[in-house]
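So the protein lines, in turn, are chains A and B. Anchor point for the first sequence: position 114 equals 114 in this note's numbering, and the numbering is continuous, going up by one each time. Anchor point for the second sequence: position 178 equals 178 in this note's numbering, and the numbering is continuous, going up by one each time.
Keep in mind that the hints are not guaranteed to be accurate.
Here chain B is said to cover these stretches of chain A; the calculated rule only asks that three of the stretch's residues, wherever they fall, bring their Cβ under 8 angstroms from a Cβ of chain B [claimed, not checked]: (1) 89-99; (2) 144-156; (3) 173-183; (4) 191-205.
Quick list of simulated restraints, FRET-style, between CB atoms [said to hold, decoys possible]: (5) Leu99(B) x Phe143(A): 26 to 32 angstroms; (6) Phe143(A) x Ala189(B): 21 to 27 angstroms; (7) Phe93(B) x Tyr121(A): 37 to 43 angstroms; (8) Arg130(B) x His73(A): 40 to 46 angstroms; (9) Tyr121(A) x Pro175(B): 41 to 47 angstroms; (10) Leu68(A) x Arg33(B): 43 to 49 angstroms.
Chain A side only, calculated, beta carbon under 7 angstroms to chain B, not exhaustive [said to hold, decoys possible]: (11) Val21; (12) Ala54; (13) Thr159; (14) Val160; (15) Leu161; (16) Val162; (17) Ala163.
Everything labelled a hint here was simulated from the structure, so no lab data went into it. Keep in mind the model is a prediction, meaning the values are calculated, not measured. Just so it is clear, CB atoms sit at the ideal spot from N, CA and C, and this is done for glycine as well.
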Amino acid sequence: MSAASHSLAGNHLACHTCGLVSRHPEVLTARLSCPRCGVELHHRIPRSVSRSWAFLVAAMMLYIPANLLPIMHVTSLGKTRSDTILSGAEYLLVHGMWPLALIVFVASVLVPVVKILILAYLLISVQRRSPGRAMERLRLYRFTEFVGRWSMVDVFVVTVLVALVHLGNVAEIEAGLGAVFFAGVVVLTMFAAQTFDPRLIWDNVRAHAARHTTE
Amino acid sequence: MVDHFHSKHSLVACHECDELQRLPAERERGRVRCLRCGCVLHHAGRDAIAAPLALGLAALVLFVLSNAFPLLDFGLHGRHDSTYLLAGIRELFNQDMPLLASVVLFTTIIAPLLHISLLIYLYLPLALGRRPPAFAKALRLVQTILPWSMLEIFLLGVLVAGVKLAEQATIVAGPAAWSLGLLVFVLSAAATQVHPQRLWERVA
Ligand SMILES: [Zn+2]
Numbered sequence: 001m002s003a004a005s006h007s008l009a010g011n012h013l014a015c016h017t018c019g020l021v022s023r024h025p026e027v028l029t030a031r032l033s034c035p036r037c038g039v040e041l042h043h044r045i046p047r048s049v050s051r052s053w054a055f056l057v058a059a060m061m062l063y064i065p066a067n068l069l070p071i072m073h074v075t076s077l078g079k080t081r082s083d084t085i086l087s088g089a090e091y092l093l094v095h096g097m098w099p100l101a102l103i104v105f106v107a108s109v110l111v112p113v114v115k116i117l118i119l120a121y122l123l124i125s126v127q128r129r130s131p132g133r134a135m136e137r138l139r140l141y142r143f144t145e146f147v148g149r150w151s152m153v154d155v156f157v158v159t160v161l162v163a164l165v166h167l168g169n170v171a172e173i174e175a176g177l178g179a180v181f182f183a184g185v186v187v188l189t190m191f192a193a194q195t196f197d198p199r200l201i202w203d204n205v206r207a208h209a210a211r212h213t214t215e
Numbered sequence: 001m002v003d004h005f006h007s008k009h010s011l012v013a014c015h016e017c018d019e020l021q022r023l024p025a026e027r028e029r030g031r032v033r034c035l036r037c038g039c040v041l042h043h044a045g046r047d048a049i050a051a052p053l054a055l056g057l058a059a060l061v062l063f064v065l066s067n068a069f070p071l072l073d074f075g076l077h078g079r080h081d082s083t084y085l086l087a088g089i090r091e092l093f094n095q096d097m098p099l100l101a102s103v104v105l106f107t108t109i110i111a112p113l114l115h116i117s118l119l120i121y122l123y124l125p126l127a128l129g130r131r132p133p134a135f136a137k138a139l140r141l142v143q144t145i146l147p148w149s150m151l152e153i154f155l156l157g158v159l160v161a162g163v164k165l166a167e168q169a170t171i172v173a174g175p176a177a178w179s180l181g182l183l184v185f186v187l188s189a190a191a192t193q194v195h196p197q198r199l200w201e202r203v204a
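Next comes chain B alone, as it looks inside the complex (with noise of 0.2 angstroms):
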């Protein structure tokens, strides 16, 4: 039913107002913007697989570091205590709130592992050469959950928490919340880095 455009990797169609246009054929370098609504349509230079799989391997030692140490030392009358990420999406479900708790461990936990996960995924077996099994399933989940890791955010909310408690108690940033900093810094990158559009050509 659908046939193949001839020239197909030239084509595109804008995918903020459809507009259908040619790339230019010298496009070694910078991006290409949609020529009536100035996004940008392609990104040109070499396929970077190297760097997102290693950026993806970076977030996930981080992202265990994260969980495994202390988040915040809370410091008061000479007693010492700490909280890990996952502490506090515990203590709202014990509160009876599923609801606020499933959203939060979607976002801080789930959300980002995915993403981390589907990098690896993806980039390992390109690294090798190969094209990894499900690579359609896989791109289009990466697109899909990445608005939803939300750790950038969380980690403003961890400084405002900590802001607000520094009255009454000794707050201390713990380990997790610097690898947690690195992590945020790590996964931004990644996105940068990946262009599903320039995926499919190589593989196609």
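Same shape as in the complex, but just chain A (with noise of 0.2 angstroms):
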């Protein structure tokens, strides 16, 4: 089942909370709220591109300390051996679980830097006014916000060996710095997700369809 097209130009608004579309004045200078639910309406996200831009750029400096410094440190009969996430993944594999090192791997390796590379190049080709491949750029962002928050799972890992060895009394396992820096980039990865607004890709494209009907 589809939707019946329908050819409304300009005036129109949506509200981001409850999806109610009301008509508004050709000047906008006034606040708009939504008359259903209160909300304030934008036409789109205030300074998505430039607010999107900080989170991405703290999330980037944040991801080199997540994987060079240790995310734990175990400390047992005297000796203590410190992980990142790199060797933590090693770990794994040598001793044969090599599905939960791949887990591991792709989720605090792989999908951070896919993440930052796709938000990245999505704010290059809205910045750019670029209309090309609208469809897939969407892809790309829907892809980024289901599996961005996969990577918290090495911070969980921390959080349940801290307890568990702790209880043991044959060892000590205590939360490393990097893991700090770890859960900063997700947060801020999601943030930057989050403050993206999608209809920015899908304008350049009716602009550019517009510049070609009036030449």
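Each of the two chains sits in its own frame; use the hints to bring them together as a complex.
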């Protein structure tokens, strides 16, 4: 089942929260609020591109210490071993647990990089007013939104380990600074994805089409 | 300043590409998809009130169980000990990692609990035929909180941690691990049942 096409030009705003479409005056001077749910209406998320960039650049900077610093320190029989995200995945691989090693590697190493690269590409393409491959870009956006949260898995592994091994009294596990930076990367990329307005992709498609009909 | 659109229920703007389109009058079953980008605009069908409410109440019980019982049982040289969901967070606070502890506390305790409470807060009055106070705020909060509730990811973390330790010690999943698994299932079922736009049409 599909919706019927409707050609309505301008002057319409849809509410982010409840979806109600309302008509607004030509000049957007006053603050508009949704007649149904009362939330402030915006044509697009305000300063979407610059705010999204800010979160993304911060995430890129945290990504480096997140991978270089240890996420935990394990002390047993007087010896201390420190694990980074990569060495943790390597440990699983060496001990024959390759499916888990793969999960940790994909979720912790691959997903954040891919997410940062995709968001950067989307932001640049919107800033360059590129009208091409809109549908593919929207799919990429949905993918990053869906997959990004899963990078938190290593932070949770550390949380469970510090409690368990502490109780056993055979070893001591301490969370490392890398885990803090890592959680920061996940939170910041989630903010970056949430402040990006996917409708900006289509604004360029629309502008491009309008330019061609007037020419 | 803002006019209601005349046929307010049939005109929608896609939340991902902003294409304005009219919904078909006949929309009893299935989903209506955006003409341009294909995202779901509208879930047609009867408004489910009983199902989300039941799922919310079940989730509350499971959430309490998940926190009251041990998550993993740790056995070594005949000694046994077990850990709880909150113990890890408390340990992170003790290790001077307040930021990390807060992120874990928020994503595994506060956000899921808020999600569950809001489900009950919204759907219990609706089931009794009343509109809950601050309906707009509550519904908006559900939409905001949803991505931050990460119990399914936490469960994967428990699994990885258990496997990592299984070489040195005997690790047995505790009752909380099972109830957490059920809770993840119940919460994702609830998420597919809640359609904010349809709720708005109901209470407006
Ligand atoms: Zn659309």
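Query - Enumerated hints in conflict with the structure, sorted upward - result: Numbers 8, 12 - these are the hints that the structure violates, sorted from lowest upward.
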